[in-house]
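Colleague: One-letter residues, chain by chain:
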Amino acid sequence: MTHTEGSQRLVLDHSPGLEGLARDLPLQQALAKHGEAELIHANIPYYRGVFNEILDKLEQKSPLVEGGEAGCIYIGAGGLQLIYPDDNALTDAVRDVVAEFEPQMGIAGNKFLASLAAQQSPPGDCKILNGDAGAFLKDLACDVLPVSLKSRNKLRDFGLATLGQIAALQPGPFQSQFGPEGKRIWELSRGIDSTPLYPRFMEEAIEASTTLPSVTVSLDAILFAVESVLAGIFAGKALKGRGIRRLTLWTRSWNAETWERSINFKEPAMDVRSTITRIKRTLENYPQPGPVEQAGIKITGLGYPGGRQRSLFSDIRAKEHLAEDIKQLELKLGNPQVYTVKEVEPWSRIPERRYALAPTNR
Amino acid sequence: MVEDTGKALRPGTYKPVNTPEELKVEEDAEGLPVTVKGKRRQAVISIEDRWRIDDEWWRAAPVSRLYYNVLLASGQRAVLYKDLISNKWYEQEY
Amino acid sequence: MPYAELHCHSYYSFHDGASSLEELIVRAKDLGYRALAITDHDNLCGAMQYAQLSKSLDIQGIIGAEVTLEGGFHITLLAKDRKGYSNLCRLITAAHARGERNDPTLPIKLLSEHTKGLIALSGCPKGEVSQLASKSRLSEAKKLIKQYLDWFGVDNYYIELQHNSAFGDTARNTVLLKLAEETGARVVATGNVHYHVRERHRLQDCLVAIKNCKSLEETHRERRANSEYYLRSVAELEELFRSHPEALENTLKIAEQCTLDLTKDLSYIFPDYPTPEGHTPLSYLEKLCYEAATRRYGSITPQVRERLDEEFKLIKKYSLAGFLLMYHEVIRLGREVMIDLGLSDPNLTLEENPPGRGRGSSVALLAGYLIGLSHIDPLKYKLSLERFLPADTMSSVPDIDLDFPRSIREELILRTHEKWGWQHAALTGTIATYQIKGAVRDLGKALGLPEAEIDRLAKQSDWGSAKKLGKKMGRMPNFKDKIEAPVWRDLIQLAAELDGFPKYMGQHPGGMILSSTPLIDIVPVQRGAIEGRFVCQWDKDSIDDAGFVKIDFLALGALSQLQDAVDLIKERTGQRIDMSRIDFEDGKVYDMLCRGDAIGIFQVESAAQMQTITRLKPRNLLDMAHEVAAVRPGVGANHGVHEYLLRRTKKKPVTYDCPLEQRSLERTLGIILFQDQVNQLAIDVAGFAPSEADRMRRAFSRKHNEELIEQYHQKFLAGAKEHGVPEETAETVFKKFNGQYMFPESHAFAFGVTAYQASWLKYYYPLEFFVAIFNQQPMGFYNLETLKEDARRHGITALNPDINKSKAKCLIENGALRIGFLNVTGLGEASAEAIESGRQRGGEFKSIGDFLERTGVLEEVALNLAGSGAFDSLETNRRKVKWEIGLRYRPINTQIPLPLPVAQDMVELKAPSDWERMKEEYNVLSLYPGGHIMARLRPRFNGGFHTSRDIEKLRDGAFITAAGLVIRRQRPHGKVVFITLEDEFGHIPCMVFGKVYEQYEYTFRSAFLIIRGRLTRRDGTCNVVINKAESFNALEKVPASKDWR
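Residue numbers (our numbering), protein chains in the order written: chain A, 1 to 362; chain B, 363 to 456; chain C, 457 to 1501.
Do not take every clue at face value.
Unchecked claim - With a straight-line Cα cutoff of 25 Å, these simulated DSS-like cross-link-like pairs (lysine-lysine) come out:
1) K1192(C) to K1171(C)
2) K1073(C) to K1409(C)
3) K150(A) to K1336(C)
4) K667(C) to K582(C)
5) K1302(C) to K1265(C)
6) K280(A) to K670(C)
7) K1026(C) to K1006(C)
8) K915(C) to K927(C)
9) K959(C) to K927(C)
10) K1192(C) to K1107(C)
11) K1026(C) to K1261(C)
12) K138(A) to K924(C)
13) K1375(C) to K150(A)
14) K924(C) to K667(C)
15) K1265(C) to K923(C)
16) K1366(C) to K150(A)
17) K720(C) to K743(C)
18) K342(A) to K399(B)
19) K183(A) to K924(C)
20) K280(A) to K399(B)
21) K893(C) to K875(C)
22) K485(C) to K511(C)
23) K377(B) to K298(A)
24) K111(A) to K61(A)
25) K539(C) to K1006(C)
26) K996(C) to K511(C)
27) K1336(C) to K1261(C)
28) K183(A) to K1265(C)
29) K743(C) to K670(C)
30) K1366(C) to K138(A)
31) K927(C) to K1484(C)
32) K924(C) to K773(C)
33) K1431(C) to K924(C)
As the list claims (entries may be wrong) - Here are a few chain A residues that sit away from chain B, every Cβ distance over 12 Å (derived from the structure):
34) Q29
35) L39
36) L82
37) T91
38) V144
39) L145
40) S214
Rather than coming from a laboratory, the hints here were simulated on the basis of the structure. These numbers were taken from a predicted model, which means no experiment stands behind them. Glycine residues also receive a C-beta, built at the ideal position from the N, C-alpha and C atoms.
My request is simple: use the sequences and hints to build the entire structure.
Modeller: The structure is reproduced here in structure tokens:
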């Protein structure tokens, strides 16, 4: 399974039995080893959606829920003895939520140990680690350490294959050799992990998308489509007078490749025009992977504008009047009613591609 | 494969302008337009110009059209084209 | 009404024209065109080829070009005669001399100074006149037209009317007609042709996309409006121009004026040689020869005098003195370079230490031997003049290639440019063409197919013709269901069309043409990719057609290897061996070759060669020449090798299909082994003239040549008939001709000598031989691991690099081969230099810290050195070494090692096992000096497996199961695949036939194989015919096998 990072295609996951593959290995290298493997492109937005749903449900069971890498969830169980008197009650509660999947569960004193325990537990079951972690960790391979590729290679070069071997060495030399990461490696090899849980908090999200009438690579056409989506959002009620502080722009191409970028606004964007300027820049700086079929926006941050002086000049007033009139019309008859002719591909030899009607911006 | 979806209009989408409109045209032996049946039937007096476009042959719906700029009996000018794939005639401004 | 097309682009308009010259001219002929002009963009790459083609196909071919002027405007120029052609070459040269490379522009002023003999047409819509007309800037347009009329004259300047049914064509032409009327200029209709039939427009669209590095979707504006840019029927054109028939008539008027025949009119003159005071070229040549002869033989013996007299008669007759002196001059330059680079002792004479070797008919010339051109004494080896320089072929330029060692070639090319000037010396051009990989990548991108899949398809397609894409995809599990899918099926069709298309023009690795008259009157010259180099726009074939003197500065790794070995022997023994005077009939050396012990030996080490040499059993230089020539695609195509061997071993009689074959084929037992024999057969059997025979032979190797070959076929049959040869026999003889490569006899002979010399060195001085070949890598058929194993079998041990003993390159140390620093991955010249000079200044390195401090190498380099065992003399636990190195490059990612105390941070680490050391050495050195990986793996393959040693003893037909590392894959004619496995004892040569290969195609790409099959023994060869194969994994990074077609 592959995913795209920037302009690179990397391995995300693979069927067991394919040797020599690791997450984030460049696709070229992976194919060089296993040329006949079938490629599936990750549908990240979908996975994220499902994952978020699970996180939502789990948050009903415990206030401390952290979504880690896709498929990995940390739940803080400390202080919940009243609700879950024993481990079984806790695991039952979790199993309830994630009914369709058979989660591998682990309970231990810190995140690292808990995740290792979970990895060793059979699907649908739970492994509990009490007491001395040393014996448990001694023979585990160094591959389980969440460290950089460089460090991983180095460990292998030095013949350090198990956590026990690392634990047997002194921490000082380790840090000298591996730098700051060295301390963490050494601590983890002894089951020491003090990273805290980072629970997520609720974010309000407004989403809208559109399908383009004709698949295109033209930036103008894509921008056009996004503009109409924004117009719809600004016309609707969801914003409640707030502006956009943060949004994620995504597109999907005809062969299911996705492209996504987040945009932050220092000052909340209050209308289509200011939003679209930033979006245009983003589209220009980060090229699409292929001809685009769908485009969408997910607004993840909203805010109220700072005070702004109204202009004294009448033509701006006139525009505002016009905007006000259009708004009234739309409220009466349903949106949108008034269109403007815009250039899409004015140079095209195919006449119907040159211009299009779009709902008038406000 | 790129499909020409011709989606129905939804709020938020845009609609193209100057879409071709189908027309009934009678041809002569060489395929040139002789009569145009729009609101009323009109003869083609002369063909002022002719041009061809071929594009998007890699898509499911290639574009291959032979345009004619014609002068009709009423003195009116029109731009027609014959779709070389479906063999239908359309009117469209160029 | 008849018509001549005067504006047509072939595929030599790179990434713009979508049809070959053959396709265009055949179609034009079918349509009844009177003439066809080829006007490619700013180049004449295809001009000579076109001239030959149009002549053979009997339709008038006009030479021209579409030139880009300042401002980006196009103009069409046609050459009427020799002067016009010369002007055209000069203009194109000038256009390329300015601006960016590959972005030519011609200043208009220069155009006005070179109008004689040219006809100018105002150009396509990108022409300045058309542009002004389209923008209604009529007065400017009129002014411009009048200027051109002034420069060219009213008979030689026409306004081009193009109508391709694009929007705007009619309007533009109306304006142009008006302008013509008002200025008195004439009009001519042209097609702006970019492909020969309408359907090709798809490929042309793709070419435009490729040119712009974008997809078809993204190039709407760059692509042409429609599919009307093909060679249209005269009826269609008449209809388009019915209101102005004179536009069509004028095409004929122009065609009639163009009388240039490039196949005859070129008048290339052999370069002169400016001789010293009081000498003519001939007398000077004689002087040089007699002086050298005295040095060589002690005196002018009667034998020498007789031979020189015979030769000088010929040289005088054909005015070759200047030509030979010119070669001599180049060789002298080569010698200067060698001395300057410290590669030769200035006290030696030229003939004692020739920098290069001639390859070609010159081998037979004593004069050649004496001026340092060849390396073989023709008197000693009784090489007759008649055989190598038959009198009737002397009318064309004798073809001599000069091979030089790699090290001096670069410098030599620059000096030759300098000495003769870029107008008189230019490198041969070469046209890179599309094969399957390039076609898949470029078309895949244009069509917008997913990048990762295209990448994979390209990689798996391997090599070969793009026409086979569909078939190949059918055999790939991931792609076979895409063959009928939309867009993918377009890819397959278009790839087949794109196959063999020119991609870009580059420079030939070493061919150079020299001329005393300015080259730029004959062919345009442009700047090469490398500063200081100039390349002509013709490739090897066109240059041959033009009859140029071409010198090939080929870098032969083998020559460098011999050179190095001889130098090493001198270092060790104090004696300099004269390789031209060794015993060329030493039975022991031939015995070694006949055993198949030929690894590392130039020309005879390939799998196919090794199979042949054990059957051919050469015992002298002529046999070596036969051996070298026999294993060539051209010979194999007719089962020539097989037949030859049967006749040689007397298993079959020597027969001829026709008595007239005897003269040319007698010496090779009735089989065609040499290229020249093809010529000779054409002459003897069908009465061809020598030059015609040569053209025919070369036509076979041209692309898209079916029509041409058919013409020659008919001529051959007709000529044979006149000689009383029955038609069936004539057909049989003709069938033996093919376009695959064969050696000329003189080349084969020269190579045979070089091969023998290498063998001799391997036999008598294996240490120097192997050190030299190690230092010359990459070269040859084998990787270092295999060479190391072969060295071991010859008693030479390889030692790991050592920081205190190695140098940059491999060297001899107490009878063993010490591997050099450059063999360590990631270690370049700079690092090697740092280590050597560090040692020189401060003595041996005492510790790792000391080493790092004094040399300052990068961390990765230090780690790789550790992995290769270079620090073993200081510390045997390589992991400990790496740990220490890691500590010294703190903080992480520092480039420079820091002189910090590290003792407190050292730890105890388990030393790597033998297996781990071996893995690492393979990774870092690409070889394992300590042994062979199969020795380590042998415990896995003990019961029921045969080793190479076992196989030697088994009988024909025995069932074999074996395991080994694949060191070579070869597929000489696409019929059988030769795979060679290596284990710790030797090699297992295997053969795989069609069906089995297809079944296990992917398995055979693995590095390690387990095979099952049967042993076949035939005439001294021994192969395992594989019927089952499976792969196994052993190493991360494996020494790469060398795969050959």
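Colleague: All hints, please: hold or fail.
Modeller: The hints, checked one at a time:
1. K1192(C) to K1171(C): The given pair, whose Cα atoms are some 16 Å apart, holds under the 25 Å limit.
2. K1073(C) to K1409(C): holds (21 Å)
3. K150(A) to K1336(C): Roughly 18 Å separates the two Cα atoms, so the pair holds.
4. K667(C) to K582(C): The given pair, whose Cα atoms are some 18 Å apart, holds under the 25 Å limit.
5. K1302(C) to K1265(C): Holds - the C-alpha atoms of K1265(C) and K1302(C) are around 22 Å apart, at most 25 Å.
6. K280(A) to K670(C): holds (21 Å)
7. K1026(C) to K1006(C): violated (35 Å)
8. K915(C) to K927(C): Within the cut-off at roughly 15 Å; holds.
9. K959(C) to K927(C): Cα-Cα ~24 Å, so holds.
10. K1192(C) to K1107(C): Given pair K1192(C), K1107(C) holds - Cα atoms ~22 Å apart, limit 25 Å.
11. K1026(C) to K1261(C): Holds, because 21 Å separates the two Cα atoms, which is no more than 25 Å.
12. K138(A) to K924(C): Measuring from Cα to Cα gives roughly 56 Å; hence the hint is violated.
13. K1375(C) to K150(A): holds (19 Å)
14. K924(C) to K667(C): Status holds; Cα separation ~24 Å.
15. K1265(C) to K923(C): Status violated; Cα separation ~44 Å.
16. K1366(C) to K150(A): holds (21 Å)
17. K720(C) to K743(C): violated (36 Å)
18. K342(A) to K399(B): violated (32 Å)
19. K183(A) to K924(C): violated (57 Å)
20. K280(A) to K399(B): With Cα atoms ~46 Å apart, K280(A) and K399(B) exceed 25 Å; violated.
21. K893(C) to K875(C): Not satisfied, since the Cα-Cα distance of roughly 40 Å exceeds 25 Å.
22. K485(C) to K511(C): holds (12 Å)
23. K377(B) to K298(A): holds (23 Å)
24. K111(A) to K61(A): holds (18 Å)
25. K539(C) to K1006(C): holds (24 Å)
26. K996(C) to K511(C): Given that 25 Å is the threshold and the Cα spacing comes to 20 Å, the pair holds.
27. K1336(C) to K1261(C): holds (21 Å)
28. K183(A) to K1265(C): violated (42 Å)
29. K743(C) to K670(C): Roughly 63 Å between the alpha carbons, so the hint for K743(C) and K670(C) is violated.
30. K1366(C) to K138(A): holds (17 Å)
31. K927(C) to K1484(C): OK: K927(C) and K1484(C) at ~23 Å, within 25 Å.
32. K924(C) to K773(C): The given pair, whose Cα atoms are some 52 Å apart, is violated under the 25 Å limit.
33. K1431(C) to K924(C): The given pair, whose Cα atoms are some 15 Å apart, holds under the 25 Å limit.
34. Q29: holds (30 Å)
35. L39: holds (18 Å)
36. L82: L82(A) clear of chain B: closest Cβ-Cβ about 49 Å, beyond 12 Å.
37. T91: Non-interface label on T91(A) holds, nearest chain B Cβ at 45 Å vs cutoff 12 Å.
38. V144: holds (44 Å)
39. L145: Non-interface label stands for L145(A): nearest chain B Cβ at 45 Å, farther than 12 Å.
40. S214: violated (6 Å)
Of the hints listed earlier, those the structure fails to meet are numbers 7, 12, 15, 17, 18, 19, 20, 21, 28, 29, 32, 40, in rising order.
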